[in-house]
Amino acid sequence: MTARIDWSEGLPFKIGPYEVGLTETAPETAGYWAGVERGELMIKRCAGCGRHLHPRRIFCPGCTSNDLAWVRSSGRGTVYTFSTVYRAPTEEFEAPYTNGIVELEEGVFLYGRLVDGDGAEIAIGDPVEVDFEAVRAEGEVLPVYRVR
Amino acid sequence: MTAMPASALSDAASIVAVGMHVVSPADERISSLELQLHACRDAMRGAGIDRTDVGAVFTGRAPMSYTAMEWNMRIVNELKIVPKLSSEITVHGAGVLATWQYAAMAVANGLVDYALCCSGCMGRRWVDLVKVNAGVEADLQFEMPYGPTTPSLYALWGQRYMHEFGVRPEDTARIAVENRKWALHHPDAAMRDKGEITVADVLASRPIASPLRLLDCSSWYKGGGVGSAVVITSTGRARAFDRPVSISGFGQCTTHEWVTDRLGLWGIEPSIKPNLVTTGAKVAAADAYAMAAIGPEDVDLVETSAPFTFLNMMVLEDLGFCEKGEGKHFVGGGGIDFDGGLPFNTNGGYLSFGQAANGMQMATEAVQQLRGEAPGRQLADPHRALVHFHGGPNAAHSVLLLSNEGGSR
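Which chain is which? The protein sequence lines are A and B, in order.
Take the first sequence: its letter number 55 is residue 55 in our numbering, and every next letter is one higher.
For our numbering, count along the second sequence from 1 and bump the result up by 1000.
No lab work stands behind these hints, which were simulated from the structure alone.
Just so you know, not all the hints are guaranteed correct.
Just some of the chain A residues that point at chain B, by a computed CB distance under 7 Å [unchecked claim]:
# : residue
1 : Thr-64
2 : Ser-65
3 : Asn-66
4 : Tyr-86
5 : Phe-93
6 : Phe-109
What follows is a list of derived Cβ distance ranges for each label pair [to be verified]:
#  : chain 1 : residue 1 : chain 2 : residue 2 : range
7  : A       : Ala-95    : B       : Leu-1379  : 50 to 58 Å
8  : A       : Glu-94    : B       : Glu-1269  : 37 to 45 Å
9  : A       : Gly-50    : B       : Ala-1293  : 38 to 46 Å
10 : B       : Leu-1265  : A       : Gly-50    : 12 to 20 Å
11 : B       : Lys-1080  : A       : Arg-38    : 39 to 47 Å
12 : A       : Gly-107   : B       : Asp-1287  : 29 to 37 Å
Chain A residues, not near chain B, derived (Cβ > 10 Å throughout) [what the hints assert, rightly or not]:
#  : residue
13 : Ala-47
14 : Cys-49
15 : Arg-56
16 : Arg-57
17 : Asp-67
18 : Trp-70
19 : Glu-92
20 : Gly-100
21 : Glu-103
22 : Arg-113
23 : Asp-116
24 : Glu-129
25 : Glu-138
26 : Gly-139
27 : Glu-140
Glycine included, every Cβ here is placed at the ideal spot set by N, Cα and C.
Model the full structure from these sequences, guided by the hints.
Written as structure tokens, this is what we have:
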């Protein structure tokens, strides 16, 4: 006899074999995560048209070139938008914290944790610079953006 | 031969029956599959058709609490039907309304006689959606590790929108206040017994994800669920039915999967320049109006799946009820007031009817209003309704224009 599934608390949510929340790497993004290990923020640049692209891109949607190269971002940009989370999704994350989207100098937008350098409130347009730290206890080191 | 113009689809298909199954917290826990099957059965009985008549079935994506690939196959399997056309329409929540559009195309072109569309979820009864919901709306690699919640992903749009157009929290709060008034008149609304709220109540509610506070956010459907289904047939065939509602126009627009990637989109509407203030609803609505050869001024009521106050305002702009950035003046001037404004979210909307997770209850509400089947909240003689669904953090949008006079056009 097989064990009965206990639905009383619901079941863990997975997408296919993947647990939600993992930083899974794929071949096309491995260069980004290798950069994070070195403390460098890596984005892609199209050799065909020169456009900088999000690290996820596999080919250039602008000129259709496959010739994308990893380049190191200056790590500087501005806050495009943000939201301070007061109700965290799980116990691993300690609210309140602020996540937002940064517009890098190269024109690429990246999502990440916004860390306020001097305790003042974060605002759209604030200049930021990348840093690398864990955003949860025993979590992986990730790019975060410190208000300059 | 040139392609048939989209206008040929206007009023060519009609809804002839609605099935709606509501489970309250006091009711027995049932699966999301059972929830939808109750609705399908009721819709088929309502139309007077049996399982041998169903030529097409289109479903929304699998419910969060019953994850299965190819959800449409589960419905086919239970109903013991043999559709010629069948698919799960997977453009997030917009897919629920898009099912009606595929059904319309199928019956209008004579491919099948009757199409069945269904959706619904018992999500809150089975899974902790606060924990897991962002998992289907965030980039697992580049966003999820930072601990986003669904409200915080939408809030990225809200923060930017309010910044660009000088919209204050008290401006958007009015939408929650007016939606609540409608919910007090709907027997199944989650907030039916909670009384009216004020702008001050919204501003004093606890913060969830700035700029959103609790009362800026949709309510989950009180620990229960709503299953919905409709039967759609050609307008010619629909003339034999009681009070059919025709589909006068429709449109869809999908722009991205994750909110960060929306900003990586350029050179095409609604993102000629990367932005977080104009949604795909603008494109979907333009196509729907063109197909129906009408404009927003012809619409008698509007239903939307927007789950946050600010998004209702943005969507009102994108649907053409006011210019971009003018939503605060439109809403502030009483544009959607329960008393005298454009009837908007007449069951209370996501904010006060509740988010019945992937339910098509906003669309069936429009059908019920046009059929004169909305006791307690029935509008006086409405003829045209606009329904807007979206999903993902504004990733996909569907718009439908409905009419109760289409059979005579």
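Quick rundown of the hints versus the structure:
1. Thr-64: Interface hint status for Thr-64/A: violated (13 Å vs cutoff 7 Å).
2. Ser-65: violated (16 Å)
3. Asn-66: Violated: closest Cβ of chain B sits about 18 Å from Asn-66/A, beyond 7 Å.
4. Tyr-86: holds (4 Å)
5. Phe-93: holds (4 Å)
6. Phe-109: holds (4 Å)
7. Ala-95/A <-> Leu-1379/B: 50 to 58 Å: violated (42 Å)
8. Glu-94/A <-> Glu-1269/B: 37 to 45 Å: Because 41 Å falls inside the window, the suggested range holds.
9. Gly-50/A <-> Ala-1293/B: 38 to 46 Å: holds (45 Å)
10. Leu-1265/B <-> Gly-50/A: 12 to 20 Å: Since Leu-1265/B and Gly-50/A have Cβ atoms about 19 Å apart, the given range 12 to 20 Å holds.
11. Lys-1080/B <-> Arg-38/A: 39 to 47 Å: violated (59 Å)
12. Gly-107/A <-> Asp-1287/B: 29 to 37 Å: Holds - the Cβ-Cβ distance for Gly-107/A and Asp-1287/B, about 31 Å, lies within 29 to 37 Å.
13. Ala-47: At roughly 18 Å from the nearest Cβ of chain B, Ala-47/A sits farther out than 10 Å, so the non-interface label holds.
14. Cys-49: Consistent with the label, Cys-49/A stays out of reach of chain B, its closest Cβ about 13 Å off (over 10 Å).
15. Arg-56: violated (7 Å)
16. Arg-57: Label violated. Min Cβ-Cβ 8 Å, cutoff 10 Å.
17. Asp-67: holds (18 Å)
18. Trp-70: holds (15 Å)
19. Glu-92: The claim breaks: Glu-92/A does not keep its Cβ more than 10 Å from every Cβ of chain B (closest is about 7 Å).
20. Gly-100: violated (7 Å)
21. Glu-103: violated (8 Å)
22. Arg-113: At about 5 Å from chain B, Arg-113/A fails to clear the 10 Å cut-off, so the statement is violated.
23. Asp-116: holds (13 Å)
24. Glu-129: Check passes; 17 Å lies beyond 10 Å.
25. Glu-138: Given a closest Cβ separation of 13 Å, the condition holds.
26. Gly-139: Given that some Cβ of chain B is not farther than 10 Å from that of Gly-139/A, nearest at about 7 Å, it is violated.
27. Glu-140: violated (7 Å)
Checked against the numbered hints above, the structure violates hints 1, 2, 3, 7, 11, 15, 16, 19, 20, 21, 22, 26, 27; every other hint is satisfied.
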